[in-house]
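Enquirer: Input sequences plus hints: build the corresponding full structure.
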Amino acid sequence: MSELKNISKAYYINLDRDRKRRLYMERSLPFRAERFSAFDGLNTKMATKERNLFKLNPPKNSKRFLRWKGKLKGEQKGLIISHYQLWKQLVADKEATNYFILEDDAVFKKTFVQEWNNHYARNMPNDYLVIFPGGISLKRYFKHDKFTKQFNKYYKTIRKNKVDGDYGKPRRYCHVNTQSYIINKAAAIMLCTMAEKHGFHASIEDYMLQVFAGGVDLKFSKLHKSPTRIYHTDPQMVFQLDEINNFLHQTIRTNQLLLDYPYDS
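In my numbering, the protein residues as written are 6 to 270.
Since the hints were derived computationally from the structure, they do not count as laboratory data.
Every residue gets a Cβ at the ideal spot worked out from N, C-alpha and C, and that includes glycine.
Worth double-checking, as some hints may not be accurate.
The calculated DSS-like cross-link candidates involving lysine-lysine, where the alpha carbons are at most 27 Å apart (straight line), are [claimed, not checked]:
#1 LYS93 / LYS227
#2 LYS202 / LYS158
#3 LYS165 / LYS230
#4 LYS190 / LYS224
Computed spacing ranges between beta-carbons, pair by pair [unchecked claim]:
#5 ASP98 / LEU28: 36 to 46 Å
#6 LYS165 / GLU39: 18 to 28 Å
#7 ASP247 / ASN157: 26 to 36 Å
#8 MET6 / ASN66: 46 to 56 Å
#9 LYS54 / LYS78: 12 to 22 Å
#10 LYS167 / LEU71: 19 to 29 Å
#11 PRO240 / LYS60: 32 to 42 Å
#12 GLU39 / ASN66: 36 to 46 Å
#13 LEU47 / GLN155: 34 to 44 Å
#14 LEU61 / GLU31: 37 to 47 Å
#15 ARG24 / LYS65: 42 to 52 Å
Expert: Quick look at the structure:
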């Protein structure tokens, strides 16, 4: 099994009861990644320490925090706890500087390992907190330039935009999901600190992005310059299984990406 350069460890999150997805990941993963047993938010009773993560303590300047507050379902809470547990593990992991975290519906470009090791690993931004090699929905993919600007040949960073703005005000924000991301230890500390101080107020992807964009604690975000330290690979190299299947079963008209793109599904 192949190894990824500049990645300390890779994990994919999978429910114990979802053997189908586990089998899919075991067969399709093009590199070495360890299975991480997901917290089952539907069938597992949360302990006090987990329940406390969802008790909200808004910061003093809480307009944005409360604005993006969402009502979380059991499965959403389970996914949040699973990601949080991996962040905590990374913080305590003396052997690792970063983790590549995956959900069990990730679909990789067939040449992902080769391209990562030959190009992307060698050109990683020095100041990154999180790198998203995927996560942008295919419906939004062709609008990617409205959210991002070129950092180097292989990476883009977030530009100020109104498309994912704050009620008409531009900000450095681009919505992505959490099916694949590379997170360093500094980012894991930031996310855990904010969760333990203020609570999880939104879905896992919204929470992560709001922390970095200043939607939880604006001063904290500015202090760490986090809005400018979130990167996307160029092009996107990881997609979601259901999304790929849905698009491939539809009539492909303008999406040339799907006509030319080799998927490892």
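Enquirer: Could you see if the CB distance from ASP247 to ASN157 stays within 26 to 36 Å?
Expert: Because 32 Å falls inside the window, the suggested range holds.
Enquirer: Regarding the pair LYS202 and LYS158, is the alpha-carbon distance no greater than 27 Å?
Expert: violated (38 Å)
Enquirer: Starting from the hint 19 to 29 Å, judge whether the C-beta atoms of LYS167 and LEU71 obey it.
Expert: holds (21 Å)
Enquirer: Range first: 18 to 28 Å. Now tell me if the beta carbons of LYS165 and GLU39 are that far apart.
Expert: violated (38 Å)
Enquirer: Within 12 to 22 Å: is that where the Cβ-Cβ distance between LYS54 and LYS78 falls?
Expert: holds (20 Å)
Enquirer: MET6 and ASN66, beta-carbon distance inside 46 to 56 Å?
Expert: holds (47 Å)
Enquirer: Look at the Cβ atoms of GLU39 and ASN66 and judge whether their distance stays inside 36 to 46 Å.
Expert: holds (40 Å)
Enquirer: Please verify whether LYS190 and LYS224 have alpha carbons no more than 27 Å apart.
Expert: Since the Cα atoms of LYS190 and LYS224 sit roughly 20 Å apart, the hinted pair holds (cutoff 27 Å).
Enquirer: Go ahead and decide if the range 32 to 42 Å is satisfied by the Cβ distance of PRO240 to LYS60.
Expert: The hinted range 32 to 42 Å holds for PRO240 and LYS60, with Cβ atoms some 41 Å apart.
Enquirer: Range first: 36 to 46 Å. Now tell me if the beta carbons of ASP98 and LEU28 are that far apart.
Expert: violated (27 Å)
Enquirer: Does the alpha-carbon distance linking LYS165 and LYS230 stay inside the 27 Å limit?
Expert: holds (14 Å)
Enquirer: What's the verdict on LYS93 and LYS227, does the C-alpha distance respect the 27 Å limit or exceed it?
Expert: holds (23 Å)
The structure does not agree with the numbered hints 2, 5 and 6 stated previously, though it agrees with the rest.
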